[in-house]
Every structure is written in structure tokens, then in C-alpha cells.
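Line by line, the protein sequences are chains A and B.
Here my numbering is used: position 9 in the first sequence is 9, and no number is missing along the way.
Just so we're on the same page, my numbering is the position in the second sequence counted from 1, plus 1000.
Each hint should be verified, as a subset may be incorrect.
[Unchecked claim] No more than 20 Å apart at the CA atoms, straight line, and that leaves these computed lysine to any residue pairs for SDA-like:
| # | chain 1 | residue 1 | chain 2 | residue 2 |
| --- | --- | --- | --- | --- |
| 1 | B | K1759 | B | S1805 |
| 2 | B | K1556 | B | K1592 |
| 3 | A | K52 | B | T1559 |
| 4 | B | K1669 | B | T1439 |
| 5 | A | K87 | B | F1472 |
| 6 | B | K1501 | B | G1511 |
| 7 | A | K52 | B | K1556 |
| 8 | B | K1482 | A | H71 |
| 9 | B | K1669 | B | V1719 |
| 10 | B | K1556 | A | P50 |
| 11 | B | K1513 | A | A15 |
| 12 | B | K1556 | A | R64 |
| 13 | B | K1669 | B | R1577 |
| 14 | A | K52 | B | G1603 |
| 15 | B | K1556 | A | H71 |
| 16 | B | K1556 | A | L70 |
| 17 | B | K1556 | A | V74 |
| 18 | B | K1513 | A | R64 |
| 19 | B | K1295 | B | T1307 |
| 20 | B | K1482 | A | M81 |
| 21 | B | K1796 | A | D10 |
| 22 | A | K52 | B | K1482 |
| 23 | B | K1496 | B | L1530 |
| 24 | B | K1482 | A | R96 |
| 25 | B | K1796 | A | G88 |
| 26 | B | K1606 | A | D76 |
| 27 | B | K1556 | A | G30 |
| 28 | B | K1752 | B | E1738 |
| 29 | A | K52 | B | F1472 |
| 30 | B | K1281 | B | A1110 |
| 31 | B | K1501 | A | A38 |
| 32 | B | K1198 | B | E1054 |
| 33 | B | K1669 | B | G1630 |
| 34 | B | K1711 | B | W1749 |
| 35 | B | K1606 | A | G30 |
| 36 | B | K1796 | A | P13 |
| 37 | A | K52 | B | E1054 |
[Said to hold, decoys possible] Computed from the model, here is a short list of chain B residues facing chain A with C-beta under 10 Å:
| # | residue |
| --- | --- |
| 38 | K1168 |
| 39 | D1539 |
| 40 | D1557 |
Don't read these hints as lab results, they were simulated from the structure.
Where is the CB? At the ideal position from N, CA and C, for every residue including glycine.
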Amino acid sequence: MNMASETWIDIGPLADIPREGGRVVRTAAGCVAVFRTATDEVFAMDDRCPHKGGPLSEGIVHGRQVTCPLHNWVFDMTTGMAQGADKGHVTTFTARLDGGRVLLNAGELLGRAPATAP
Amino acid sequence: MGERLVIIGAGMASGRMLEHLIEAAPGCYDITIFNGEPRGNYNRIMLSPVLSGEKAFEDIVTHDAGWYAANGIACRFGEHVTKIDRDRKMVVSAKGETPYDRLVIATGSAPFIIPVAGKDLSGVVSYRDLEDTNAMIAAARPGANAVVIGGGLLGLEAAAGMALRGAKVTVIHLMGHLMERQLDPAAGYLLQKDLEKKGITVHCKGATKAILGHDRVEAVLLEDGTVYPADLVCMAVGIRPETRLATDAHLEVARGIVVDDQLRTSDPSVFAIGECVEHEKQLFGLVAPLYDQAKILARTLTGEAATFQPVQTATKLKVTGVDLFSAGDFAEGPGREDIVFRDPGRGVYKRLILEGEKLIGAVMYGDTADGSWFFGLIKDGTDVTAMRDTLIFGPAFAGGSSADPMAAVAALPPEAEICGCNGVCKGRIIEAIGGGANTLDLVRAETKASSSCGTCTGLVEQVMALTLGGGFQANANPPMCKCTDHTHEDVRRLIKSLGLKSIPAVMQELGWKSVGGCASCRPALNYYLLSDWPMDYRDDRQSRFVNERNHANIQKDGTYSVVPRMWGGVTTPAELRAIADAADKYSVPMVKVTGGQRIDLLGVRKENLPAIWADLNDAGMVSGHAYAKGLRTVKTCVGSEFCRFGTQDSTGLGIRLEKLLWGSWTPAKVKLAVSGCPRNCAEATCKDIGVVCVDSGYQISVAGAAGMDVKETELLCTVATEEEVLEIVAAFVQLYRENARYLHRIYKWVAKVGLDWCKAEVVEDRANRRALHDRFMLSQSVYQSDPWAAEPPVRKDWSPIYDLSREAAE
Ligand code: SRM
Ligand SMILES: Cc1cc2nc3c(=O)[nH]c(=O)nc-3n(C[C@H](O)[C@H](O)[C@H](O)COP(=O)(O)OP(=O)(O)OC[C@H]3O[C@@H](n4cnc5c(N)ncnc54)[C@H](O)[C@@H]3O)c2cc1C
Ligand code: SF4
Ligand code: FES
């Protein structure tokens, strides 16, 4: 069992993320996008589109999907898979809500390899 | 003034010829065109979908009154030419004589009427023009009996159209199987079966003896004694070239008017084109070769050397649900071999006819996807020996790939013909797409592909999908996006008529199929709602694209550009100093003068945006909205204040216009320019709205473009005062805001609604102009605010919510 998976980081209040929007968490291995859906679910994934590195946190959020702001690839936030004809995958991270606070799994985040420079 | 060119007949051939002529040499002739029909050129081919109800006549008009007017063509529609006087170079019509220097006869052909008793009874029509079509529409009531004589292309399209309207239709055909000139018996049989499934009765080997009736048609009697009751009879047994004028004028006429390779008749100043001509003993009945004639004649008329060579044609039938294709020669003969494929379950039949190592004919029924590939092999005379074994399975198999529907199109060589009517090959379409034509409309405008009979639309779309990949959205008045079946136009209408005032309300009431829409419909809905309900609706920031959400253009590396407004392109040393200071303070990597007369600070990090804006605000500058579907720039020239040619204060007027319009949201971006005289240094004639100052006032023109399309503006009106310019421009922008579909620039919208309509709304109807202007100002009372000053309420929201990078380092 992985001890680190027990460590949750409180990144801030849910209210700081707009509904159908995102914010980023800066990490040494690149930014992580944290999204809030219309129904107040939270999801986290790499803030880097596999197409050409677009910042997914700036995409339009619809349902449990986000559309990359640069060239409109669509990703499922639950799996990180690109939708439709596009092929690609974005690493997702566990995010959960606790009493109006957004928590990310520290082990998952810190265990990542540093991002290669874009 | 140019030479006088008179054209008899405003049909498909002369229409295309005029397009080429005007493109190559605008104004080189003083043109007059006569037409027997009381209208100009329309897409005759598409009468069949009009008959079946799948299209309206308005959809198939090729040249409307505005087009003829814009090109200075004198129209004499509804006026038959009765005589050509070659000695005096005059044409004679009911209204008198019209002189010509050069004459083009483009009278098309006349339907052939079989000489049987009763042929003149009321209720007997042919199938050639809108009048015939309307007569059939009127007669084809549910339950009515219609008889079509002739089982060729036209007859079957007439039959299918009337059947679709509910009439009981019988087709009487003299030969052993339908469309015997284009199909072999097997394909003719499958076709007959499919038509019978549509409720059409087919009577082959049927010779008409008489049409029966007292005042009007009641029945059709065949030689074998069969009687079919009929409320309407459509005679579609063939056409013959309309040569009467030419014969009377003693021009050389055989079966058609004889022309040479330059489309010249036996009189050097008289030309002929279209179905009325005969070229090297050949007549023409499909548009593809006529369009080639049009090209050649336009060149001949502009003095360019050009030679007409008839091309091979392929046939398709425009009946929904019936797929057939035939090309080349498919008669049996010595030395000819067949390859046949049948799939009775699916009703598929394919037959290839080979002579030696070449493919010379193809007949396909039920599955015609590979038609153009075969047609290409036939036209090019390709040696097919190597692929003979798998030839019948088409290009996909020849390439050994999977059953991907796109594979067949992907495998087509660049010279493969996609649009038979207009002779457009795959390579030409790809070239147009490369040149920026990324919608079906643009490809049509650019290449004419799929703009005639439309049966190749699917193929064109496949070529586009292959070329553009993810960037392609299929057209043909498509639904707004995958989330809904409604078109943009429907949604706009329903938002108003149902009083829908929020995005969730629209999605609920109009039955959206997705949760929360998508990145394509959400911004559109947000725009429609804020433009329709400025006082009730609250802008939904999360439904905006990143640029409008962050009030800056995102760059490829995720940084942003910052463009302060520079009213009319005029700045001051103090502003320039503030811009320079900001560039230093935030280490802006690039400072650039834009094409819109202002300065761009590129490469600013998101978290620095609020601060740099605040600095620029402090120096009196506001957002330039360089990112917005809204007013961008108003370019100006120096005008009467400084320039020795300036007639009015173009700079001052430009600034007034920018101050009037800035901050307004529009369906797509809006750019203006004001030039001080017709030398037009501000390039006003390629803007969405352009003003050119003249001694007597201001010429306001609209619908220009200089991006993916380049288009000159068209004159909206000329006014005397700046006040009128401001009122008309605001009213025109409001008309656009209220009616256009999201992401359509003004030129695209005007192309749809017509400039005449815009003139009627904002120029002629003064009360309406005022009302539009007032609605615009009401909206501005809400939306004319600087987003840089209003945003962000919380500056830290523009930074990461949390910084984990230090913890990682520990
Ligand atoms: C900055 C500028 C280029 C420059 O360095 O001069 C520019 C930059 C961009 N243009 Fe442009 N256009 C700029 C003047 C023009 C002009 C020239 C003009 O306005 O006189 C044109 C042709 C005129 C016209 O619009 O008809 C022009 C036609 C386009 C088009 C094609 C629009 C069309 O309808 O065909 C696009 C694509 C679009 O809007 O979808 C585009 C899109 C873009 C975008 C916003 C692409 C994007 O979405 O990221 C570019 C942002 C670059 C960036 O990283 O910031 N830009 N663009 C110019 C800003 C003008 C300004 O002050 O606001
Ligand atoms: C219902 C229908 C479906 C068709 N489908 C297809 C198809 O799918 N594919 C295809 O390739 N082709 C098709 N065609 C054929 C195609 O429409 C013709 O080949 C084409 O229109 C011929 O063009 P044109 O300019 O020679 O003649 P037209 O388009 O017929 O124009 C001739 C014009 O001249 C006018 N005129 C004649 N005499 C005079 C006079 N004395 N004075 C003034 N005006 C005169 C007539 O009123 C007419 O408007 C179809 C035709 C019809 C009727
Ligand atoms: S032309 Fe416009 S859109 Fe294209 S690269 Fe240049 S700035 Fe970008
Ligand atoms: S970078 Fe995301 S779609 Fe291109």
C-alpha cells in the first residue's frame, strides 16, 4: 500500500473555482488544472493538451468534458481520454471535496516525473 | 463605353459565361440580356428538388436582381426575341429593336412533344421551367393521378417528385427498360423495382396512342389498349435544340446551331452556346460541357485564344434514395469484356466494361461510391491490367486498406473528377481548401463544385474532411452542433418567440441532447441571448472562449497579448510613453505595430494581465478588444485636416465611430475604416463597414473582407452629414447583431440576406433605422464598458490557486 496516497492537500475553497471553469495548481512538474462542473463536481488533470500543449484550464467546461482552448480537442475529465476522432490522453489526478474545500492527492501529484520543457 | 453585347436566353450556359466574362473583364461590354422566362438565371437542374418539395425556388436562384444590377447588366426578362436582323445588327422583340455589336444565342432547348391526339389539352405539361414545375406541384395533390410519358432522367425525376407529394404516378416508357441510354437492363430493372417501392407504376414498352379528355386531360390511352386515368400528363420524351431564331436568320443550322471551337456561328459576330448548339455533329444535354463552352466563349469574347473540346459526361439521377451512376460506353460488342458484381440482398449491381487494357464504361446501381474513381479511369484511358482482378471493388480494395468509407475518396488521385457538372477535380478542391475555403459554401464559391445538381456534395464533404481533419464541419444548413438538431437560424428565432432568457432555458426548451452543451454552441447561445435581451440577460463568462474570458489573445505558449485601443489610430507621446513603460515593467518580449493601426504587447503572462491593464488604464487607455467578436478597429487616414486631397475629416469621423461602437458584441468581429477621399488610404473598401469621404459627403459601403476571403465592399448609401453616418452605421450594426448567425462576418451574412434587404431596413425605412439605432444604444448602455477596468474583481484569481512547486522541492 502506498502511504503517500493517504496525504491530501487542501488547495482552496470550491468557491475560488468558477462553475464550469478551472484554475491551476503549480507544481514542479508543470501545472495541474482543477475543474469545477456545473453540478459542483471537481476533477484534476495535467494542464497540458497532448496536441500542442494548450492550457486545458482555459478551456470551456461542458458536462464532464473540457474543450482545449487552442484547437478544440475535447477531453473527458473522468478518464483524460480525447473524444471523437482525436487520439490522446491526459493524466488525471484524484480530486475530492470536503466541507467546501478542494483536496488533491499529494502522492499522485508529487510522484510525477517533471514535465519536459514545452 | 464598351461594345454592345446582346444575349438571348438567360439560362445556365449564358449565366456561367457572364460570370467568367465579368470576372475576366468587368465593364468591357455593355451587356443586355433577354429571357423568355420572366426571371433571370436559376439552377434549372434543381427544379427536381423544388418539385419534390425538398427545396424552395428561392434556394435555386443563381443570379438575383441584385447581381444583374451590381454588374450593370440590362435585363429584359419575360421578353422573347422574335427576330435577328443580321444586316442591321439588331435583335427584335415585342418592345422594339435592340442593336448589338456582338450577339450570343443561348436559347437552350425545347421539350419534344409527341404528335398524338390530345397533346394540346389543358393539363398536359412538359418539364423544362418553373411554370411546368409549378403546374405539376399544383396537380400532384395526394390521391391525384399523374402520368409521365418518358422514363429517362427528366421523366423519372418528375415522377419521383410528384409521388413524393402524394400523387399516384404512372411512368410510360417506350423502351424495354428505364433510362436505356444510361443504364443496361440489369440496372434498369433494379431502378424500376426501387421506383415501384416508392409507389410509382412503371409501364415499359408502352407506346402512347392518345391523350383523352374533353376540356382537360382525363386519361392516357396506349397502343396496347391500356388506359391510365390522369389529372395531369407530363411529357418528358426528349428535347430538341431551340434553333428557330438562328434558322430564320439564315445562320448555319443542322440539328443545332453549328458552332466552331470558339463557339462562333457562321456569322463572325454571332455566337451560340448551350443546348441550342451543335459542335462537330454533337449535341449537348447536360451542364458539364455547357460550362466548358461558357469558359471558352468568355475567353473568345475577351479576345483570348481558347478551344472548346467536349468532355465525357457521367449521369446520376436526382431521386432521393436512388443511387445510380453511369459513364462511358456500355453497349456489348466484340472485343469487349464485362466484370459484374451483384449483391441482391442489398440491391447492388456494378458492371465495368473493358476494351483491351482500358476501362471504357461503368454502370453502377445501389452503391455508387466508387463512381468518380471509375469515371477518372475511363476519362484518362488508364491501363487497368494490373488491377483487373480487384478493379470492381474500387480504389479502397486496390489500396488493400479497410472498409473505411473515406478510403475510397482518399485513394482518388488529384485529377479524379468530383463534380461532374462543373468538371471540378479533387486536386482543385484541395487547392481551394488550402487557400482557406474551409466550409462547403466557400468551396462552392471558389470552385463551383457541388453548386449545380448537388449529388456530389457528399464527396466534396469527404474531400474536405480528409483535407481539414478535425477542422471540418459539414454544411448544408446543418444543426448548430452535435448537441441539437436545430439550426442557428431556428435557435435565434425560438429564443425570441419563446422568450428564452438563459442558456439552461434554451437547452431545456429546445431539447439539447448533451449535458451543458459544447464549446461550439455555448458561446453562440451566450451571444444570442445577450444580443436579444440586453437588459435581462447576464453575460455568462464561462461560455466564452478563452480570449473573451481573459480579455486578451492567448498565444501558442499560453501567454497573452495586450492591445490598448488607439482611437482611430491616433496616439499621443504620453500614451506611447505609458506603453513603453508597461513593456519594460512586465518584460514584454515583443512590441509590434498591428495591421489595425495600434500597438500589440505580446507574450504577457496571465497573472500579470490585471496589473498591466491597470497601468494602461491609469494612462487613460482602454481595452482594444483585439480578441473580441465585437468592434475591433476603426482605421483612418489623415483626411482634410492634413492631406491636400482630403475632402472631410476622416480621422475625426473614425474616432467618433470607434467611440460609438466600441464594446458592442457582434456575431463575429467587426472592422471599420474611414478614408478622406477616394484614394482610400485607410483601405475602407475591404472592411466590414467602410466610409469613403467625397466632396458631397460620405459613401457608406459594407460587406467587405480581407482575410480568408477578399471581397470589396458594396455601397449601402451616400449621406451628407457625419450625424447620418453615425446613425446608419449603428443601425446597420444592430441589424447584423439581431439577425446574423454566430461567427458569420458581415459579408457572409449580407450574402445570405441580400444587400437590398439591408438597404430597405436601414436606409429606406427611416423609422426602422431610428428604432434599430435606439436598440443599439440601449445595448451599449449595458455593454460599453472597459473590461480591463471592470475585471478582475479579485486579482489573485488570475494566478494559480495553489503553488505546490516549493513543497516538491523540499
Ligand atoms: C495582431 C494582428 C496581426 C498583426 O500583428 O498585425 C492579428 C492577429 C490575429 N488575428 Fe488577425 N490580426 C490582425 C489583423 C488582421 C487583419 C488586418 C486588418 O484588420 O486590417 C485581417 C484581415 C482583415 C479582415 O479581418 O477581414 C485579419 C484577419 C484575421 C482572420 C480572418 C478573418 C476572416 O473572417 O477571414 C482571423 C481568423 C478569425 O478571426 O477567425 C484572424 C485571427 C487572428 C488571431 C486572433 C488568431 C487567434 O485566434 O489567435 C491572431 C492573434 C495573434 C496573437 O497571438 O495575438 N485574423 N487580422 C492584427 C491585429 C489588428 C488589431 O489591431 O486588432
Ligand atoms: C428538370 C431538369 C433537370 C435537369 N437535371 C440535370 C442534371 O441533373 N444534370 C445535368 O447536367 N443537366 C440537367 N438538366 C439539363 C440542364 O438543365 C440543361 O442542360 C441546361 O439548363 C441548358 O442550359 P442552356 O443555357 O443551354 O439553356 P436553358 O437553361 O434552358 O436556358 C435557355 C433560356 O433561353 C430562353 N429563351 C429561349 N428562346 C428565347 C427567345 N427567343 N428569346 C428570349 N429568351 C429565350 C429560355 O426561356 C430559357 O430561359 C436538367 C434539366 C431539367 C429541365
Ligand atoms: S495571419 Fe493572423 S492568424 Fe495567421 S499567423 Fe499571422 S497573426 Fe496568426
Ligand atoms: S493544443 Fe489542445 S487542441 Fe491543440
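Problem set entry | Restraint status (C-alpha distance of B/K1501 to B/G1511 at most 20 Å) | Given that 20 Å is the threshold and the Cα spacing comes to 15 Å, the pair holds.
Exercise. Does B/K1482 pair with A/M81 here, judged by a C-alpha cut-off of 20 Å?
Worked result: 19 Å, holds
Problem set entry | Satisfaction of hint between B/T1559 and A/K52, Cα-Cα up to 20 Å | Distance ~14 Å between A/K52 and B/T1559 Cα, so the pair holds.
Exercise. Under the criterion that the straight-line Cα-Cα distance not exceed 20 Å, is the pair B/K1556, A/H71 satisfied?
Worked result: Holds: B/K1556 and A/H71 sit about 10 Å apart, inside 20 Å.
For this session: Decide if the proposed pair is consistent with the structure: B/K1556 and A/V74, CA atoms, cutoff 20 Å inclusive.
Result: Given that 20 Å is the threshold and the Cα spacing comes to 18 Å, the pair holds.
Problem set entry | Agreement of B/K1759 and B/S1805 with the hint, judged by alpha carbon distance not exceeding 20 Å | 61 Å, violated
Exercise. If you draw a straight line from the CA of B/K1496 to the CA of B/L1530, is it 20 Å or shorter?
Worked result: 12 Å, holds
For this session: Would you check the hint for B/K1669 and B/V1719, treating anything up to 20 Å between C-alpha atoms as holding?
Result: 25 Å, violated
Exercise. Is B/K1669 within 20 Å of B/R1577, Cα to Cα?
Worked result: Given pair B/K1669, B/R1577 is violated - Cα atoms ~29 Å apart, limit 20 Å.
Exercise. When you check the alpha-carbon spacing of B/K1482 and A/H71, does it fall within 20 Å?
Worked result: With Cα atoms ~17 Å apart, B/K1482 and A/H71 stay inside 20 Å; holds.
Problem set entry | Hinted pair B/K1606 and A/G30, Cα distance within 20 Å | 16 Å, holds
For this session: Given the hint that B/K1796 pairs with A/G88, test it: the Cα-Cα distance must not exceed 20 Å.
Result: Violated, at about 32 Å.
The structure fails to meet hints 1, 9, 11, 12, 13, 22, 24, 25, 26, 37, 38, 39 from the earlier list, while all remaining hints are met.
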